[in-house]
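Those protein sequences? They're chains A and B, same order as listed. Heads up: the first sequence is residues 1 to 253, going by this note's numbering. Heads up: the second sequence is residues 1001 to 1343, going by this note's numbering.
Everything labelled a hint here was simulated from the structure, so no lab data went into it. Please read all numbers here as calculations on a predicted model, not as lab measurements. Where is the CB? At the ideal position from N, CA and C, for every residue including glycine. Treat the hints loosely; a few may be bogus.
[What the hints assert, rightly or not] A partial selection of chain A residues facing chain B, derived with a Cβ cut-off under 10 Å:
#1 R12
#2 F84
#3 L101
#4 G102
#5 T112
[To be verified] Counterexamples of contact, computed for chain B against chain A with all Cβ distances above 12 Å:
#6 P1014
#7 I1189
#8 Y1213
#9 L1272
#10 F1310
#11 I1314
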Amino acid sequence: MADLIIENLTMRFAGVVALDDVSFSVANGEIFSLIGPNGSGKTTLFNCINGFNKPQGGKIYFNGNNLLERRPHNIIDSGISRTFQNVQNIPFMTVLDNILLGSHSRIDTKATLQRWLSQDQREIEEAMVLDIMDFLGIANYEQKYMVGQPFGIQKLAEIARALVSKPKLILLDEPAAGMNDQETREIANIIREIKEDLGITVLLVEHDMNLVMSISDRICVLDSGEIIALGEPEEIKNHPKVIEIYLGETADA
Amino acid sequence: MKGRYEDENLYWIPVLIIFVFLLPFILKGLSFSYKYYLFVLNMAGIYIILNVGLDLLSGFTGLVSLGHAGFLAVGAYTSAILVDQFGVPFALSLIISPLIAGLFGFVIGFPALRITGMYLGLTTMGFGFIVKRMIIAFREWTHGSGGLDVSSPMLFGYTIKSDWNNYFLIYTFVIIAVIVGRRIAKSKIGRAFMAIRDSEQAAEAAGINLSKYKMLAFFISGIFAGFAGVLFAHTSSFISTDHFDILLSIYFIIMVLVGGASSIYGAVLGTLFIVLLDNLFVPLLKDQIHFWFNTQAGDIQSLIFGLIMFLFIIFQPMGLYGMWLKMRIYWKLFPFNPRQRFT
């Protein structure tokens, strides 16, 4: 069953066509990767799903909801959360509080006010995130300020923040950017566990081909806003157009 | 008792509250001029209430306000008019007047949805001027620029007069304001405020309605300032437009910055530091200043404030509270690794 359906999506920025008639669908419970050279429209596509960009044409449906009718802060209510290409954390807040930020839509404001004078509210909130922190192996960092933490921890904290909202679909924008080989392998394991243990559909943008080829169920290749190829990793590896884009035409010259 | 937040110790809070209420007695025992010290502390207390609100707005949410004297004026004049001209009891005015100041904050919040930074600073500064003009315009109730005599606060049938009694009234509310401010800062509202300041994209992706929370920040900040205004009007017994100058708004921002933006305790420390410096330390140096600079202490005051803010921004951007956190870590680790960086 198709979960996320994108139909004829077109997005232009003052003459530049960032997305040109893009259509595909992501099935429930798969890891779907978007690859392509810089400027091919991957992040723009994320921003359209997320409501930051309003496309000129096309439709985006998630579980029957029309996402283009929603404002950015309402997207999370339909079960979609995301991470960013450049980590967007709050530096002078603890790692725990940063992750709690993701639970914003799950915390009942009325109940918060009712428990205003007791410490219970805080404990209820923390209980929401502790298992996610254990899951990602960053439980030791909860009381530390985000500002001094290594890049890998900041990336994981951002994924944790996206997971805390209990999404059905998570958009990961280059989770392995700036990571070394070992950290990349850890990220690959985490993404696999997100799919298998938590049952969350993953839409992934990534430049690391080893990572993409090893974990993806299906891959979509974008270039200049157009879909060039869509299929399973083996198909994509041998697709002539993809080879052309990544290796250049001069490969045989 | 271990606090849940920031791994902090909560033992000292009751001790501090007891100290706050014993302080007048200590001062009375120590000095003949204790009444003047209490007057200064009362002023500091009123400013603390306002600065907790200003910190939530400018420190946490990052929406700079240079018009907070305007909110103070709204609270003060509303309460003075309600109590003395419409016969509303003081206790009721303590609830209504802050809400009206909060509504003003709500209105000023609208432009904040579109503009940030310096432009927002200028807009809020404009609000400060508008309030002053409005006070002069509504002469019937406010007596224009001539000022307004205000009755002393009446609570449960008792009239609260003298700085001694005002101290207990004001500091009860200071403690409440600090606790409420801290609860807001550590709840989902406070997290949303900080997220808006540091990354609007991350905030929206996390489901935070930017417009709603920016308006909320202005509303809450207006309520705190209005509350301070009510106490200001009734404890100082006379208010005029001169009390709510643009310079006062700038001093409020200096107090928050020196204390350490985006920490409630920082707002308290910064306010005490600046008010005590202004009223106790500068007068001590009056003769020296006159001798060396051939000028009055009052003239050099702004220069001293400017210099302090300058030094803090360069050497101690996290303010007094940040300094305290660093010191705490330093002593925790003392013989080992004393140059441990603050993380």
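Status of the hints after comparison with the structure:
A distance limit of 10 Å between C-beta atoms decides the matter here; for R12 of chain A the minimum to chain B is near 21 Å, and the interface restraint is violated. Proximity of F84 of chain A to chain B holds as hinted, the smallest CB-CB distance being about 7 Å (cut-off 10 Å). The interface hint given for L101 of chain A holds, since its Cβ lies 5 Å from the closest Cβ of chain B, which is under the 10 Å cut-off. Proximity of G102 of chain A to chain B holds as hinted, the smallest CB-CB distance being about 5 Å (cut-off 10 Å).
Contact between T112 of chain A and chain B, as hinted, is supported at the beta carbon level, the nearest pair being about 6 Å apart and thus within 10 Å. For P1014 of chain B, the requirement that its beta carbon stay farther than 12 Å from each beta carbon of chain A is met, with the minimum near 16 Å. At the 12 Å boundary, the C-beta of I1189 of chain B falls inside the reach of chain A, the nearest C-beta of that chain being 8 Å off. Listed as a non-interface residue, Y1213 of chain B fails to keep its Cβ farther than 12 Å from every Cβ of chain A; the least gap is roughly 9 Å.
A cut-off of 12 Å between C-beta atoms confirms that L1272 of chain B is not in contact with chain A; the least separation is 22 Å. Remark: the non-interface label on F1310 of chain B is consistent with the geometry, its nearest Cβ contact in chain A lying 22 Å away (cut-off 12 Å). Residue placement check: I1314 of chain B keeps its beta carbon more than 12 Å from all beta carbons of chain A (closest about 19 Å).
Checked against the numbered hints given earlier, this structure breaks hints 1, 7 and 8; the rest are met.
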